[in-house]
Amino acid sequence: MNAKIRMWFEDRIPFNREKTAETTKELLNEPIPKHMKNWFYALGVTPLILFCFMVVTGIMLTFYYIPSPEKAFDSVRYITEEVSMGFWIRGIHRWASNLMVIAIFLHVIRVFFTRGYRKPRELNWILGILMLGATFTLCFTGYSLVNNQLSYWASTVGTNMIKEIPLIGPSVLALLRGGENVTANTLTRFYNLHILIMPALLFVLIGLHMLLVRLHGVAKLEDDDKEETYPFFPEHFYHGLVIMFLLLTLISALTVILPPGLGEPADPTVTPAHIKPEWYFFAVYSLLKFIPLQAGIILIMALVIAATFWPFIDEWIRKKKPNLKTHYVVGSLTIIIFLFFTVYEILVH
Amino acid sequence: MSDNNSLKTQKLIIGLFSILLLVVLIIVAGVEMKLSRKPEVIVDISGDNKRCVTCHTEKGIALKAIDHWKQSLHAQQNISCTDCHTAKKGDFDAFYCPESDFLVAKHPTPKDCAECHAQQVDEFADSKHAHQFWLIKNADRSIFENPISTKHGCEQCHAIGNVWPDQSVGECDACHPKHTFSKAVARQPETCGECHVGPDHPHIEIYLESKHGNIFRSQEKKLDLNFSSKDGKPIPIDIPVCTTCHMDGNETQPMTHNVSARLAWESQAAWSFRTVWMADKLGDWKMKRSRMEDICKSCHSPEFVDSYLLTADLTNLQYNEIRRLMVGWNKKLTEKGIIKRLEKDGKFYSDVLLNGWDEVPEILMYHAWHHEGRRFRHGAEMMGADYTQWHGIWELQHDMVEMFTFAAEHGDPEAKKWVESTDPIKFAPYALYDIPGNAFGINVLSNTVPYVYKAYPDYWDRIKANVEKAYQNNVLTQNQFAFWIKRFENKEHYIGTKYKADSVMKKYTDLDSIDTKAFTKEAVQLELPGKPFWNW
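For the protein sequence lines, the chains are S and G, in the order given.
In my numbering, each residue's number is its place in the first sequence (first place is 1) plus 299.
In my numbering, each residue's number is its place in the second sequence (first place is 1) plus 673.
If you want a taste of the chain G side facing chain S, the calculated C-beta under 7 Å gives, among others:
hint, residue
1, Ile687
2, Val697
3, Ala702
Hints were generated in silico from the structure; no laboratory data involved.
Here the structure is a predicted model, which is why all the values come from computation and not from measurement.
We treat Cβ as the ideally placed atom computed from N, Cα and C, and that holds for glycine.
Looking at chain S on its own, in the form it has when it is part of the complex:
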């Protein structure tokens, strides 16, 4: 009987079982360099796990969320206060987004200081930068969807910055806002970006990122080409699983201790005394307070371009001065400046 059913399916889904089994085995036995046994080297999978949490909780949130200016805030309030376990689902979504940003930072630091981006993996670094951009866009649009005073005004000010991008700024702004101001059109566009376009983009980017990792193999440590390896399954796979459960516990605890609030409903007629973005934008926000907006935008764009093409810049510097450890200096300075402005913003509030 079993054989009959199996045959029935095999006739209709004609794939080569032996070959598939072989490929699966090959995938599972992917050789992993020994240094990866250190838990720090599982940080690449952490953002992925958090992203999966957000996909699941995000789908649940769409059951109740209504993307209209009149109802958005109230639907979030309803999710938080009335829907059974709604506060938990929303809390996980919100905290996972916070932790995802932190996890990405840690992953970037690890790759950066080990120069994991060096030839031939430059393209994967660029994919990573694109993913970071997609993540920030998801964070920004997600925050706006709550439609409370802070998020409404943060999205107004945030999108205002786009206007300052040379040449394309005003058109991109109009496209994002769907008009002159932040209105119902903006909310539905942000909603689309948040639940459809950006997640789809991120899925594709993650796929490409992982594909390149598999094609290249995991980067070995610099100056250690003879390193031993071990198979991906089961040990490294279990690392991921353990991290997943740890994260779920951590996020649930954070949600219970520090659940996300609701704030005041958005009121386009009343500008709050102080407008501020989410904390991961504090550094940029703080920087823009000290220099003119347009100069700031150009500076940020220059930094983004430099970050994107850093593997090539690093290589070029190395060729000129082989002994200079530029990436140590650049990386350390970036982190220190970022942390300084982030903490400064919290303290001045």
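Using the hints, position chain G against chain S.
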């Protein structure tokens, strides 16, 4: 060797920065998440205010006042100590702060509030909240109450209409407590209930008894009463609090601090009369009523509003007839010398129309106005059925019975005749108002119960004549009279006699007779074997 060093450096840098970022950013995210739970209150304390706050904090003086101010919208908008407590030399409340050279105003008055909130202060001053009637009229009551009792008694509530030495009127913090000056607290029904409570005007109890109050209580935790209703927007809460009907705006009515702007009856007065208060600014009572109706119709159908309010209006008119009886008998008993007015040096201290504290009919007359008479009317206006019924008409009728009994005992022949009469109609020794049916629906057969409906075939014609007279007297509008006539002409429908529900009624009649049998057997016919201890 160099390879090893490089690897070690990498591990060290990555480890250090990872831990630093992880710790700092999780704390940052946590702080931000915590902030997201409360409205962002950012208070900038600088200049002179910083000196006030620092010194008060160090010395521990009025710390909570500072904390409350920090929660206020004032604090967020940089309106600080010196903005309200500013004083000029010679001001009635100016004093030098003992720790500095600041001249401080002890009592910020409505004049100070009007610096920014002029409209609200003006509206308030034109309202009956600001009317110190107790200083102008009716001071006789102060002979009954000794002064110390009034300090924390009547004066405390009536301070809402304080007349300040700077000529301004009112006490804004009666509703907007200092120093948060919260809108939400001002809207909380218990704020109105600080004064609108108790036997003489139990408005908070009436409200909480009503459907409005009941739904408010069930939804209270979800309600945010901290909103502005100035902008002609729909009412943002699903159930009304006191201010929703009396002050807040909706799409058609502007928000007002004049609580008299929507009131069509002086139903706290000894006689119910249509409001003439500030008619030049607020218009006549019909205008005021139409404002209230505009608010009612945010939630209710016009038909319901018309029938509910007309019934309440007729209740107010009915009260006047009971009042007429109580006053008439007090006058008569005074003229006959059965009761006496308080008098010294040719001046009377107990105005027969209002006061009198030492003799039964006077006390009954006072209560029939000031306590039960108000409850009767206000219950009808605000959906507090129990206050119109048991705390209202039931006690009014008792006052009347007691007054007749007193008069009969003191030899009045008419009262004696009333007391000795066995005619059930004796309880209506005054003219009646009525309306066919009620605001809520049609209840088959229920309106066959009143004795007068059955015993007096001309009942509705008598009522019609009275309602028509009220209309001619301009205390009912043309539309109201037309509405009444419409019901009168189709009264069998409205009072439910047109409809038959015999089988339904039989079910309940049968059940009732089972009840009767049960208590007859269990209680009425029970004879205990042990004898009583007192022999009759």
